[in-house]
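*Asks:* FYI, UniProt numbering numbers position 73 of the sequence shown as 73, with every residue one higher than the one before it.
Some hints here could point you the wrong way.
Unchecked claim - Below, computed lysine to aspartate or glutamate pairings styled on DMTMM-like, alpha-carbon distance capped at 20 Å:
1) K13 - E52
2) K70 - E18
3) K70 - D85
4) K13 - E66
5) K8 - E52
6) K62 - E18
7) K81 - E18
8) K81 - E52
9) K13 - D72
10) K81 - E35
11) K62 - E35
12) K8 - D61
13) K68 - E35
14) K8 - D72
15) K68 - E5
16) K13 - D61
17) K55 - E18
18) K70 - E83
19) K8 - E18
Said to hold, decoys possible - Label pairs and their calculated CB-CB ranges:
20) L90 - T7: 14 to 24 Å
21) E52 - A88: 18 to 28 Å
22) Y87 - Q49: 20 to 30 Å
23) K55 - P86: 37 to 47 Å
These are calculated hints, taken from the structure and not from any lab test.
We put the beta carbon where it would ideally sit given N, CA and C, even for glycine.
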Amino acid sequence: MSFCELTKLNQLKPIANELGCSLVHMTLAWAASNENVSTVLVGASRSSQLEENLKALAYVDKTTPEVKAKIDAIVHFVPAKAEMDPYALLRGCHLKRQ
Numbered sequence: 001m002s003f004c005e006l007t008k009l010n011q012l013k014p015i016a017n018e019l020g021c022s023l024v025h026m027t028l029a030w031a032a033s034n035e036n037v038s039t040v041l042v043g044a045s046r047s048s049q050l051e052e053n054l055k056a057l058a059y060v061d062k063t064t065p066e067v068k069a070k071i072d073a074i075v076h077f078v079p080a081k082a083e084m085d086p087y088a089l090l091r092g093c094h095l096k097r098q
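The task is simple: from the sequences and hints, build the whole structure.
*Replies:* As structure tokens, this is what we get:
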């Protein structure tokens, strides 16, 4: 991990503390509450990890626009809204096996 990344993590910790959660929970809640994110994928090799990640759902409502603005000011990452490929359905019709 780079010095820059560690600095950002240290800046994010107080925000997570304000919410009463871990950095992981805050990050997942931020993603789940972002209107430009349609799906949040979590990785887990054990059921206990999945259960821990799902606890982030309790913080989605606490991730207010003000909290998101604080996070965005540190991370400088705004997901772009995905746009539908207008030709995807057309290609799909012709590529199906008969």
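*Asks:* Which of the listed hints are broken here?
*Replies:* 3, 5, 7, 8, 12, 18, 20, 21 and 22
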